[in-house]
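Residue numbers (our numbering): 51 to 581.
Keep in mind the hints are simulated off the structure, nothing from the lab.
Fair warning: there could be bad hints in the mix.
In silico EDC-like pairs for lysine to aspartate or glutamate, Cα to Cα no more than 16 Å straight-line [said to hold, decoys possible]:
id, residue 1, residue 2
1, 424, 135
2, 377, 440
3, 377, 309
4, 377, 276
5, 465, 336
6, 377, 449
7, 465, 322
8, 377, 336
9, 377, 322
Taking CB as the label site, the calculated pair distances span [unchecked claim]:
id, residue 1, residue 2, range
10, 187, 549, 17 to 27 Å
11, 373, 516, 26 to 36 Å
12, 344, 279, 42 to 52 Å
Ideal Cβ positions, reconstructed from N, Cα and C, are used throughout, including at glycine.
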Amino acid sequence: MPRRRPPHPNEGNRAERIVPPYVDPAGVVCIRCGRPGTRSGRALHPWTRQPCRNARLSPPNGEPTMASDLVTSIPANIPHTLSIDLNTKDTRKVRSYAGHVHVDNTEHPGTENHLFYWFFESQTCNPHVAVPDQQDLISRTPLLIWLNGGPGASSLLGLFLENGPLSIADDAAGTISVTPRSWNQEAHVVYWDQPLGTGYSYSDVEDEYVRDEEALGRMFWQALQEFFRLHPEYARCPLYVCGESYAGKYVPAIALEIDRRNSAGPEGRHLDLRGIAVGNGWITPELSLRVMIDYAYATGYLGISGRDSLLDSYAAFQTVLRAGDMKEATRLGNDLVNTVLAYGGNFDLYDVRRWDDISMGALRAYLNSPDVKKALHVHADVTWECGDNEGPVAEALVEDNMADASGKYGELIDKGYQTLLYTGNFDLACGYRCTEEILDGLMEQRGEQAEWRNAPRLVWTQAQQNPKGFVRRLRNLTQVAVPDSGHEVPAYQPEICREMLYNWLFDRPFAGYDPQQQAKPRNGNGGSRKA
């Protein structure tokens with residue numbers, strides 16, 4: 051994403067987050083040097099606040115195993131006056147695992163990178179309910195990887211605010227509750243904090259951040275190998291890589307790395323990659339910035355003179371971008387976005403109907419609580435960090451930010467992977483028109499533009515209901531526009547978004563009608579891929 055959000059009042063600014071030098075408490079041992087309070091007792095880096103430049107702290111339970119990563123309960127609020135059991139006989143509760151996977155740092159031998167995950171098994175595989183062939187059921191159930199964007203946004207945002215089984219109240223108590231909206235009703239879901247420096251993820255080496263999508267894909271493939279080593283019972287599950295926003299770059303890069311490794315042969319475990327799903331993806335920035343200007347003008351946030359001034363700024367940005375100066379292009383792109391918002395009185399980039407953004411104050415306090423870290427097997431000295439195109443993660447990816455990722459989608463479509471792109475129609479940053487024009491261009495490159503344009507665009511609805519969305523499908527490509535939704539579609543339309551996902555995942559019909567053929571809803575296959 052090209053915009054730096056202003057901090058929430060409860061979050062503080064970057065300077066306020068700098069902490070004084072800190073020495074590890076007694077009993078914490080650096081597993082590289084083997085001694086407490088020596089190399090691991092150095093001052094913390096002011097941004098990442100991770101100890102010991104060339105050593106990592108031993109995990110609370112030693113080296114991670116499936117048993118040590120099991121999450122049995124979590125605090126039900128910030129003060130921890132209540133708890134929520136996650137592994138009980140309640141049929142809505144399922145197995146959950148959380149912790150870090152440790153990946154060798156190839157750039158700095160002898161050190162490691164640590165990526166955090168939080169996994170929820172599908173509710174169809176409840177371990178306390180007798181089901182014949184339980185392991186076969188587990189292996190047949192799709193496994194979804196969920197990634198938020200930023201760059202620097204923790205995927206625990208998605209867990210608590212969008213599509214996870216838990217939600218948090220935005221108040222002083224930060225009350226946690228179990229929600230019915232979760233994507234893990236019929237699928238396993240694992241939320242990853244990546245790349246390094248995001249959320250709970252960190253490196254033994256300070257300032258160790260990925261600088262392009264290829265490096266990100268390689269590191270994440272290694273993390274998946276380690277995850278499935280810890281949890282081999284899920285290794286044969288059909289795998290789908292999903293995400294939103296800047297993950298519009300992460301997702302195809304990871305999927306192509308998995309495909310490359312699978313094709314290369316015996317190195318590592320073969321992963322059964324089936325497809326990708328991206329919501330409101332930051333894919334082709336050159337197009338997105340032009341669309342922002344047009345959309346802001348169409349919705350009345352810009353007048354003619356403001357639009358013309360911004361088009362001049364856009365032309366300067368475009369010249370720099372096409373000359374290959376990616377760092378300067380990112381700076382100009384950020385300036386352009388902030389100017390668009392300023393002309394409109396600082397409306398919300400992610401929902402043009404709003405003037406404020408989703409708050410993270412309660413979630414930040416909750417995830418930095420010592421009791422929460424302990425429950426999730428995170429060392430007490432690791433700080434949960436979350437940025438939206440600000441901070442060291444974004445700074446490291448500054449030359450990647452404005453690069454075009456649309457070609458990666460074309461590769462995945464050509465390779466036959468199921469591909470879902472969905473968008474909320476009130477998002478200024480990565481809205482519907484961007485997705486529409488990206489897909490139209492990809493189909494033109496393949497000589498399939500006419501066929502794609504002629505594919506029915508169904509009104510997804512049922513009798514006596516407002517439309518849930520607008521759906522177009524052609525072979526392994528599915529596009530869905532979701533009305534009355536901003537950038538984070540699962541947060542705005544949780545039930546509709548989950549139904550959309552399952553229709554795509556399990557090839558269920560989108561019940562609807564073709565407005566060019568008839569004026570009322572009809573029953574039928576509704577655009578099933580089997581049609």
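Checked hints:
no.: 1; hint: 424 to 135; verdict: holds (15 Å)
no.: 2; hint: 377 to 440; verdict: holds (14 Å)
no.: 3; hint: 377 to 309; verdict: violated (30 Å)
no.: 4; hint: 377 to 276; verdict: violated (34 Å)
no.: 5; hint: 465 to 336; verdict: violated (26 Å)
no.: 6; hint: 377 to 449; verdict: holds (5 Å)
no.: 7; hint: 465 to 322; verdict: holds (14 Å)
no.: 8; hint: 377 to 336; verdict: holds (14 Å)
no.: 9; hint: 377 to 322; verdict: violated (37 Å)
no.: 10; hint: 187 to 549: 17 to 27 Å; verdict: holds (22 Å)
no.: 11; hint: 373 to 516: 26 to 36 Å; verdict: violated (47 Å)
no.: 12; hint: 344 to 279: 42 to 52 Å; verdict: holds (49 Å)
When held up to the earlier numbered hints, the structure conflicts with 3, 4, 5, 9 and 11 and fits the remainder.
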